[in-house]
Amino acid sequence: MIFNKGLLAATAAMALVTAGGQAFAQDVTLTVESWRNDDLAIWNEKLIPAFEAANPGIKVVFAPTAPTEYNAALNSKLEAGSAGDLITCRPFDASLELFNRGYLAPLTDLEGMANFSPVAKSAWQTDDGKTPFCVPMASVIHGFIYNKDAFDQLGIQVPTTEAEFFAALDKIKADGTYVPLAMGTHDLWEAATMGYQNIGPNYWKGEDGRLALIAGKEKLTDPQWVKPFEELAKWKPYLGDGFEAQTYPDSQNLFTLGRAAIYPAGSWEIAGFEAQAGFKMGAFPPPVENAGDTCYISDHNDIGIGMNAKTAHPEETKKFLNWVASPEFATLYANALPGFFSLSSAPVKMEDPLAQEFVSWRDKCKSTIRSTYAILSRGTPNLENETWTASANVINGTQTPADAAAKLQAGLDSWYKPAGN
Amino acid sequence: MAAVADEGTVSGVRRKPIRWHIAVFLAPAVIVYSMIMIVPLVGTLEQSLFQRVDGQQVFVGWQNFQTLFGDPRWATSFWNALWNNVYFFIIHMLVQNPIGILLAALLSNPRLRLRGFYRTAIFIPTILSFVIVGFAWKLILSPLWGVAPSILNSVGLKFLFQPWLGKEEYALTALGLISVWQFIGIPMMLIYAALLSIPDEVIEAAECDGITGFSQFWKIQLPLVLPSIGIISILTFVGNFNAFDLVYVAQGAIAGPNYATDLLGTFLYRTFFGFQLQQGDPNMGAAIAAIMFLIILAGVCVYLFLVQTRLRRYQF
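If you read the sequences in order, they're chains C and H.
The first sequence begins at 7 in the numbering used here and counts up one residue at a time.
The second sequence begins at 57 in the numbering used here and counts up one residue at a time.
No lab work stands behind these hints, which were simulated from the structure alone.
Since the structure is predicted, the reported quantities are computational estimates derived from the model, not experimental observations.
Yeah, the Cβ is synthetic: ideal placement off N, Cα and C, and Gly gets one too.
Each hint should be verified, as a subset may be incorrect.
List of simulated lysine-lysine pairs, DSS-like, C-alpha gap at most 25 Å [claimed, not checked]: (1) C:413 - C:127; (2) C:65 - C:242; (3) C:242 - H:72; (4) C:242 - H:275; (5) H:223 - C:242; (6) H:223 - C:413; (7) C:127 - C:223; (8) C:179 - H:214; (9) C:240 - H:223; (10) H:223 - C:179; (11) C:223 - C:372.
Label pairs and their calculated CB-CB ranges [what the hints assert, rightly or not]: (12) H:127 - C:425: 21 to 27 Å; (13) H:185 - C:183: 58 to 64 Å; (14) C:85 - H:301: 28 to 34 Å; (15) C:369 - H:295: 57 to 63 Å; (16) H:286 - C:85: 22 to 28 Å; (17) H:201 - C:183: 14 to 20 Å.
All chains, full assembly: derive it from the sequences and hints.
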């Protein structure tokens, strides 16, 4: 129903703006292609008015497609030459493919790109890192969301190290009121994304490990890559009854109904959880091995925006992209969508306390992206998809961490040859 | 037409006139069927012989099939999916069809009350969408809010409950039984119709000979509905080897846990269309589709040439 309403609203909005465009024929109208139809209201009520007020003479139309249809619809529009001026970019290979086929314009000389760190740009650039083609818009951060009331009731401090983390889990389990960890393995990706990619960066040292893996200097069978699996295997006794058949919505409900104490999370949950949960919530980053270790977080690039290479209004489009790269947009966007964090290097003030907590980790921890997303998932067997199965197997106890890692590395070796080797 | 006939008689040779009307009358069906069935089928078989190299489709002969059977990774996935599919089929043959026949036999008993109600009630799941069936059963079997654990609990059998859909050793059996639950109406209806069509004289003659009750079913009715059972078996075979929807809805495209519920259909889907970060490979997908086609073709041929010919001889 939400989807239908979104489409209706989109059609209505397009009709309105088209009418408006005819009235002011001298205005340039830019169309934004996107899969975020959930964000239609935010674009029409907050983002577009702010841009149009600052840039008279340019009108912007936000024209989203359903998420599952976006890639296919966008491809056919680009082929037919009927795509909008601004293209919302999926991270990594999907957008790289569009750039390689000449549909996305290079943004090397866009001034606004200076506002972003190399990690922020990593999802939308050529493999050599020289040519960016999308402005990073938002990322999602992994961590753990916990039930503050439960922690207070049981007298548990927020854990910062692994030992404290498992001590807290033991205490919750011994008390018996709450399921210690709300996670299931049925949908597989939960185990990989909320589990492996959540706690992993602390072991493989974030970007260092990820880049070394791509360069072929490290292997998935190295201890720093196997350790996250060993940790995951230890989670099994703390999961709910029948976690093998527990789905992602089950986990969400288990936590928001107050039946679980800790939820291995992605920041995109924030808005939904705050609407659902009737208790206070807090968040903590993945615990480090020893007190005082540098912490690493998965700050995964999710949404970017680029320029259609065949746009009729390149100057106006660039103006819009520069605005998206500005701190002003970052503040508007991050506050409208708590949990989707701006990738801008400029500090962004956010109102939502849980979102503030998540984003504060960027100052004390080092950011990285999910290890399997860039370059390493281009072949068959697909490393990301295999990691889903491996993580679930390890938690289910049907595969040992070492076996899981060996199988992943063997799969990767079968098609991936690191550059220079 | 008249002109053609005249010419035939004038030349004195008894030539058969070309019967254009046959072609004309067949054309609509042949054209439509070719367009929507034959052309895509040939297209798929053709696609399986090509591979994308540097953005171009290049003819590679049997290379895709060599990869599918020769590369240990592809071969493992393929044989796993094929074995799961065979197992899925066995469950249907052992559970769905015998129970379907039994239900039909019970329903055809004239002394049974509320026959219409039972018939409808048992048939209803068949017309439900896979999405509804998959979702409903996921809820029923859910370890958190499912009815299954609470019912077992209320009779003190909670220890029997397992998160069936999440365990490698049970997941496929559970899905097979869900599918049986959904489709049991089809064999039931076909057999029911076949049982009703048995002439009363045959039954009466049997009764005169003192054959009643169960032995009547076993010795008279069952042999007479064997052709229908054959048809049901082949329908089950084709349906099972094309199955995809239920697994996709209940377990997702990766057919977890650990590919325990991966059928040829889901394997084909992942390969052809890609999934998440995995890019689709239409050529390898077409190769899998071609193998599926051959398996089904072989199965149907075995039925047609070995089973059905014997059944006919038995009947007359």
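Tested hints:
{"no.": "1", "hint": "C:413 - C:127", "in the structure": "violated (31 Å)"}
{"no.": "2", "hint": "C:65 - C:242", "in the structure": "violated (54 Å)"}
{"no.": "3", "hint": "C:242 - H:72", "in the structure": "violated (82 Å)"}
{"no.": "4", "hint": "C:242 - H:275", "in the structure": "violated (56 Å)"}
{"no.": "5", "hint": "H:223 - C:242", "in the structure": "holds (14 Å)"}
{"no.": "6", "hint": "H:223 - C:413", "in the structure": "holds (20 Å)"}
{"no.": "7", "hint": "C:127 - C:223", "in the structure": "holds (23 Å)"}
{"no.": "8", "hint": "C:179 - H:214", "in the structure": "holds (21 Å)"}
{"no.": "9", "hint": "C:240 - H:223", "in the structure": "holds (18 Å)"}
{"no.": "10", "hint": "H:223 - C:179", "in the structure": "holds (23 Å)"}
{"no.": "11", "hint": "C:223 - C:372", "in the structure": "holds (21 Å)"}
{"no.": "12", "hint": "H:127 - C:425: 21 to 27 Å", "in the structure": "holds (24 Å)"}
{"no.": "13", "hint": "H:185 - C:183: 58 to 64 Å", "in the structure": "violated (40 Å)"}
{"no.": "14", "hint": "C:85 - H:301: 28 to 34 Å", "in the structure": "holds (30 Å)"}
{"no.": "15", "hint": "C:369 - H:295: 57 to 63 Å", "in the structure": "holds (58 Å)"}
{"no.": "16", "hint": "H:286 - C:85: 22 to 28 Å", "in the structure": "violated (49 Å)"}
{"no.": "17", "hint": "H:201 - C:183: 14 to 20 Å", "in the structure": "holds (18 Å)"}
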